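**Student:** Each chain is listed here by its residues.
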Amino acid sequence: MSTGIETGTGGLWCANQAALGTQAATSATSTLRLRKATDDTLKSNKTHGREPYVDGAAYDSSTPYVETVGGDVGQFVFQAQIETGAAIIARHVGVDTVTGASDPWTHTISTGTTNPVYQTIREKTGVAVGPYRAVWWDAIHNKLTWNIGQSQMVGHITSAIQCLKAAEIGSVTDPVATDSGTDPWRWGESAGAMTIATVAFPEIDGETIEMDRAWTSHDGDAIEPAFFVPGRGAITRTFSGAVTDTMLPQLLLALYGSSTPSAGTRPVSQPSFLALKSVYTRSATRTLTLDTPKVEVKPDDILIGTRPQGGLIPIAFGGQALAGGSPMMTITALTGQSTSYIT
Amino acid sequence: MPDNTESRFFELAADHGRDHADNPEPIQEVGVSIAVPTMTKGGELTEVSHGLIIGRADKLSKQLFARVIPDTRIVETSSHEVAAALLSCGQYVEIDPPTKAVIADHEKATRAHVDAMAKRDKQVEAGNEPAPDATDLPAVIADSNLTSEEQS
Chain A
1 MSTGIETGTG
11 GLWCANQAAL
21 GTQAATSATS
31 TLRLRKATDD
41 TLKSNKTHGR
51 EPYVDGAAYD
61 SSTPYVETVG
71 GDVGQFVFQA
81 QIETGAAIIA
91 RHVGVDTVTG
101 ASDPWTHTIS
111 TGTTNPVYQT
121 IREKTGVAVG
131 PYRAVWWDAI
141 HNKLTWNIGQ
151 SQMVGHITSA
161 IQCLKAAEIG
171 SVTDPVATDS
181 GTDPWRWGES
191 AGAMTIATVA
201 FPEIDGETIE
211 MDRAWTSHDG
221 DAIEPAFFVP
231 GRGAITRTFS
241 GAVTDTMLPQ
251 LLLALYGSST
261 PSAGTRPVSQ
271 PSFLALKSVY
281 TRSATRTLTL
291 DTPKVEVKPD
301 DILIGTRPQG
311 GLIPIAFGGQ
321 ALAGGSPMMT
331 ITALTGQSTS
341 YIT
Chain B
1 MPDNTESRFF
11 ELAADHGRDH
21 ADNPEPIQEV
31 GVSIAVPTMT
41 KGGELTEVSH
51 GLIIGRADKL
61 SKQLFARVIP
71 DTRIVETSSH
81 EVAAALLSCG
91 QYVEIDPPTK
101 AVIADHEKAT
111 RAHVDAMAKR
121 DKQVEAGNEP
131 APDATDLPAV
141 IADSNLTSEE
151 QS
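Residue numbers (the working numbering), protein chains in the order written: chain A, 1 to 343; chain B, 1 to 152.
Excised from the complex, chain A in its bound form (with noise of 0.2 Å):
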């Protein structure tokens, strides 16, 4: 009789590396045990080739190889709470502000040069089964997306992760962090404070950003990745919401440079640029808040017209964010966390 693995019980955590090549232990400080929320995990990515070849048989004996292990290794989806949504999002950016005195302490971290914090990832599966520990390290958050609204309504981000060592056996005493025991950011957090140039628009129901680094591995002289090659990446914000009448003067602002465009108008030549921001606040003292100053709001979303049956009329607003005299984003946390992320 055979016995299943016991895959809802185990954990997954992320450390800092205190320099690549250098695994974090399982007692680093750094450590934050993520609230896994799907099913994605990650991989080993240990893919094989074949190379065919002549040897007189109708039946093809591929001679297989490894071809690489590592690199692109997947993506998990944890739920963002207080303590490790912005820890993450501060890991993937590279840049962390720390001020104040007391609590609450904010967490000031802008999107600018500098590159992501190396991590060593352990995630472990089963208890009488197993328990299946492995390590992913020597890794960095390639690319964060943010998800949040009316149809996903617990903060989470997911998050694809670029490595050079996959797939290790970890140790078997597991991590010391312990999850923080606080509720994940929730939607309703934040009533009245989704704003398009810092106008608040209730009729939006949910946002996306995606922060991608669009990093890539390099294989060298072994199956394993010899290094990273830094990418150009770039950031992208959604606004869900619905056409209505304090959104379409946006929208027509958008095609045609006016919000109350006169009979005869055209869409503009000019790209459109918004300010999209959102505020999410459990507390005084403990609030999340996503700034993207200047977003190029694409027209060929934005699609207004009658519909056989009525209804709603859902509209994506949103696009690239740009850099415009200030950073692409800047997101600020008040928590109760006194050290920068970054360590």
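Be aware that one or more of the hints could be misleading.
Claimed, not checked - Output of the computed footprint for chain B on chain A, the stretches with three or more beta carbons under 8 Å from beta carbons of chain B:
1. 13-19
2. 94-101
3. 113-122
Said to hold, decoys possible - Now the in silico label distances, taken between C-beta atoms and shown as ranges:
4. A:D221 - B:D105: 53 to 59 Å
5. B:A126 - A:Q320: 46 to 52 Å
6. A:G8 - B:V93: 49 to 55 Å
7. A:G264 - B:N128: 58 to 64 Å
8. B:D105 - A:P299: 44 to 50 Å
9. B:H80 - A:T198: 36 to 42 Å
10. B:V93 - A:S102: 24 to 30 Å
11. A:G231 - B:D22: 36 to 42 Å
12. A:G257 - B:V36: 45 to 51 Å
13. A:D40 - B:A126: 46 to 52 Å
14. A:A200 - B:K119: 27 to 33 Å
15. A:S102 - B:V36: 32 to 38 Å
16. B:I53 - A:T41: 31 to 37 Å
17. B:H80 - A:M153: 42 to 48 Å
If you are wondering where the hints come from, they were derived from the structure by calculation, not from laboratory data. Computed from a predicted model, the values in this text were never measured in an experiment. All residues carry an ideal CB built from backbone N, CA and C; glycine is no exception.
Please arrange chain B on chain A, whose structure you already have, making use of the hints.
**Tutor:** Just chain B now, kept in the frame of chain A:
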């Protein structure tokens, strides 16, 4: 990484790190990932990052190439890499070496911040100032967060 060039000074921009009463908060510490060009075993040039924590210190030294001037919003560094990272992230502006008067102004602002926080803490303890943002939340959300707040 330290290159022991002349010190440069960077001040946290006015719109970052402000408390509920709009007082500027002093810098506690700065974490920054510094990229350093590195040659691989195969002879290819790449960048390797080093996580650096800039803490409070009274002065720079040969070993300490970046510091936060205590009770201020000013970072001093002798490293080109740190200077470049601080400028690029858009949070800091480069300033002239701060005079005693400038530092005194920062320390005064820090005291105002500490006083404001202490005042609010007392008001909250006395129950005179319910967390304003929590009362603005929908009732269901506010209720469901009570336990979370205690935990956080």
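**Student:** Next step is simple, just say for each hint if it's right about the structure.
**Tutor:** Outcome of the hint check:
{"no.": "1", "hint": "13-19", "result": "holds (count 4)"}
{"no.": "2", "hint": "94-101", "result": "holds (count 8)"}
{"no.": "3", "hint": "113-122", "result": "holds (count 6)"}
{"no.": "4", "hint": "A:D221 - B:D105: 53 to 59 Å", "result": "57 Å, holds"}
{"no.": "5", "hint": "B:A126 - A:Q320: 46 to 52 Å", "result": "49 Å, holds"}
{"no.": "6", "hint": "A:G8 - B:V93: 49 to 55 Å", "result": "51 Å, holds"}
{"no.": "7", "hint": "A:G264 - B:N128: 58 to 64 Å", "result": "60 Å, holds"}
{"no.": "8", "hint": "B:D105 - A:P299: 44 to 50 Å", "result": "47 Å, holds"}
{"no.": "9", "hint": "B:H80 - A:T198: 36 to 42 Å", "result": "37 Å, holds"}
{"no.": "10", "hint": "B:V93 - A:S102: 24 to 30 Å", "result": "26 Å, holds"}
{"no.": "11", "hint": "A:G231 - B:D22: 36 to 42 Å", "result": "39 Å, holds"}
{"no.": "12", "hint": "A:G257 - B:V36: 45 to 51 Å", "result": "46 Å, holds"}
{"no.": "13", "hint": "A:D40 - B:A126: 46 to 52 Å", "result": "47 Å, holds"}
{"no.": "14", "hint": "A:A200 - B:K119: 27 to 33 Å", "result": "29 Å, holds"}
{"no.": "15", "hint": "A:S102 - B:V36: 32 to 38 Å", "result": "35 Å, holds"}
{"no.": "16", "hint": "B:I53 - A:T41: 31 to 37 Å", "result": "32 Å, holds"}
{"no.": "17", "hint": "B:H80 - A:M153: 42 to 48 Å", "result": "46 Å, holds"}
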